[in-house]
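**Q** Chain by chain, the residues run as shown.
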Amino acid sequence: MKIIAVCGMGIGTSVLLKMNTEKVLRTLGIDADVEAADIGVARGMARDAEIVLTSEELAEEIGDVEAQVIVIDNFFDLDEITEKLTSALE
Amino acid sequence: MAANLASNLDQASVRTHVVAADWQAAITLAGDALVAGGVTTDEYTAEMIAAVDKLGPYIVIAPGLAIAHSRPSPSVLRAGLSWVTLKEPVSFGHKKNDPVSLVIGLAAPDHEGHLEMMQALAGVLMNSDLLVALKAAGSPAEVLALLSNPELLTEKAQS
Numbered sequence: 072m073k074i075i076a077v078c079g080m081g082i083g084t085s086v087l088l089k090m091n092t093e094k095v096l097r098t099l100g101i102d103a104d105v106e107a108a109d110i111g112v113a114r115g116m117a118r119d120a121e122i123v124l125t126s127e128e129l130a131e132e133i134g135d136v137e138a139q140v141i142v143i144d145n146f147f148d149l150d151e152i153t154e155k156l157t158s159a160l161e
Numbered sequence: 019m020a021a022n023l024a025s026n027l028d029q030a031s032v033r034t035h036v037v038a039a040d041w042q043a044a045i046t047l048a049g050d051a052l053v054a055g056g057v058t059t060d061e062y063t064a065e066m067i068a069a070v071d072k073l074g075p076y077i078v079i080a081p082g083l084a085i086a087h088s089r090p091s092p093s094v095l096r097a098g099l100s101w102v103t104l105k106e107p108v109s110f111g112h113k114k115n116d117p118v119s120l121v122i123g124l125a126a127p128d129h130e131g132h133l134e135m136m137q138a139l140a141g142v143l144m145n146s147d148l149l150v151a152l153k154a155a156g157s158p159a160e161v162l163a164l165l166s167n168p169e170l171l172t173e174k175a176q177s
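Sequences listed follow chains A and B, in order.
Just so we're aligned, residue 72 is where the first sequence starts under our numbering, counting upward by one.
Just so we're aligned, residue 19 is where the second sequence starts under our numbering, counting upward by one.
It should be emphasised that the hints constitute simulated quantities derived from the structure, not laboratory data.
Model, not experiment: these values are computed from the prediction.
Among the hints, erroneous ones may be present.
Straight-line Cα separation of at most 25 Å, DSS-like style, residue types lysine-lysine; simulated pairs [to be verified]:
| id | chain 1 | residue 1 | chain 2 | residue 2 |
| --- | --- | --- | --- | --- |
| 1 | A | Lys-94 | B | Lys-72 |
| 2 | B | Lys-113 | B | Lys-72 |
| 3 | B | Lys-105 | B | Lys-153 |
| 4 | B | Lys-114 | B | Lys-72 |
| 5 | B | Lys-153 | B | Lys-113 |
| 6 | A | Lys-155 | B | Lys-153 |
| 7 | A | Lys-155 | A | Lys-73 |
| 8 | A | Lys-73 | A | Lys-94 |
| 9 | A | Lys-155 | B | Lys-114 |
If you anchor each label on the Cβ, the simulated ranges turn out as follows [what the hints assert, rightly or not]:
| id | chain 1 | residue 1 | chain 2 | residue 2 | range |
| --- | --- | --- | --- | --- | --- |
| 10 | B | Leu-95 | A | Glu-161 | 28 to 38 Å |
| 11 | B | Leu-170 | A | Glu-161 | 39 to 49 Å |
| 12 | B | Asp-71 | A | Val-136 | 39 to 49 Å |
| 13 | B | Arg-96 | A | Val-112 | 19 to 29 Å |
| 14 | A | Gln-139 | B | Leu-95 | 32 to 42 Å |
Residues of chain A placed beyond 10 Å of chain B at every Cβ, according to the derived structure [stated by the list, open to error]:
| id | residue |
| --- | --- |
| 15 | Gly-83 |
| 16 | Arg-118 |
| 17 | Asp-150 |
| 18 | Thr-157 |
Virtual Cβ for every residue (Gly too), placed ideally from N, Cα, C.
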């Protein structure tokens, strides 16, 4: 499974989101490849990904993609990431 | 904590309890602090503000916390951080995480070289007790002391 963490620039918030998503996936015992991406390349990368994680503002920018787009409000709230990922994977 | 954020943060890049009128002023403080630490040029500050103008306040990634940054560019001299706590929190226009009292400026010359720094940053930002103490810290020296030696926190709590 491929998951993309998206931010505006690809060096900051997406990297933090990727780290915390990997932490959550390890706890859940889910094997997935998480990549950080900036908004410019995210649409292309989303083509072969199952899930896109991002913030609310950027979710609107990403628009229509096949992957499920999940909005994370607090990038450091592992419970929020766990809950939203779990329900997306059901 | 294995990684140490203090090694990525120059004392000149730390400002505590400073006053900002709005989010542009808050990002400018974080940008000036990056410049003072030799991390970026003034151009980068303008790029960080332009990023929010263009993409919205998505940099407010947790309650009270903004990670001001732009993309790798010639205005980035090296990978580094700045740390600015605000006397009065300011609004960035974020629906859930406003108002912001801590602005962290972040710059990286490429997409990979700063990952250890990001690990260290995540470690600090995930530690809510440490974060409370860091926001309360009244001087750059105190911020750096807490970052390089988080055990101070436990000692403080016990005394």
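**Q** Now, for every hint given, state plainly whether the structure supports it.
**A** Status of each hint after checking the structure:
{"no.": "1", "hint": "A:Lys-94 - B:Lys-72", "verdict": "31 Å, violated"}
{"no.": "2", "hint": "B:Lys-113 - B:Lys-72", "verdict": "17 Å, holds"}
{"no.": "3", "hint": "B:Lys-105 - B:Lys-153", "verdict": "10 Å, holds"}
{"no.": "4", "hint": "B:Lys-114 - B:Lys-72", "verdict": "19 Å, holds"}
{"no.": "5", "hint": "B:Lys-153 - B:Lys-113", "verdict": "22 Å, holds"}
{"no.": "6", "hint": "A:Lys-155 - B:Lys-153", "verdict": "29 Å, violated"}
{"no.": "7", "hint": "A:Lys-155 - A:Lys-73", "verdict": "16 Å, holds"}
{"no.": "8", "hint": "A:Lys-73 - A:Lys-94", "verdict": "15 Å, holds"}
{"no.": "9", "hint": "A:Lys-155 - B:Lys-114", "verdict": "17 Å, holds"}
{"no.": "10", "hint": "B:Leu-95 - A:Glu-161: 28 to 38 Å", "verdict": "47 Å, violated"}
{"no.": "11", "hint": "B:Leu-170 - A:Glu-161: 39 to 49 Å", "verdict": "44 Å, holds"}
{"no.": "12", "hint": "B:Asp-71 - A:Val-136: 39 to 49 Å", "verdict": "25 Å, violated"}
{"no.": "13", "hint": "B:Arg-96 - A:Val-112: 19 to 29 Å", "verdict": "25 Å, holds"}
{"no.": "14", "hint": "A:Gln-139 - B:Leu-95: 32 to 42 Å", "verdict": "39 Å, holds"}
{"no.": "15", "hint": "Gly-83", "verdict": "4 Å, violated"}
{"no.": "16", "hint": "Arg-118", "verdict": "20 Å, holds"}
{"no.": "17", "hint": "Asp-150", "verdict": "12 Å, holds"}
{"no.": "18", "hint": "Thr-157", "verdict": "20 Å, holds"}
Hints 1, 6, 10, 12 and 15 from the earlier list are contradicted by this structure; the remaining hints agree with it.
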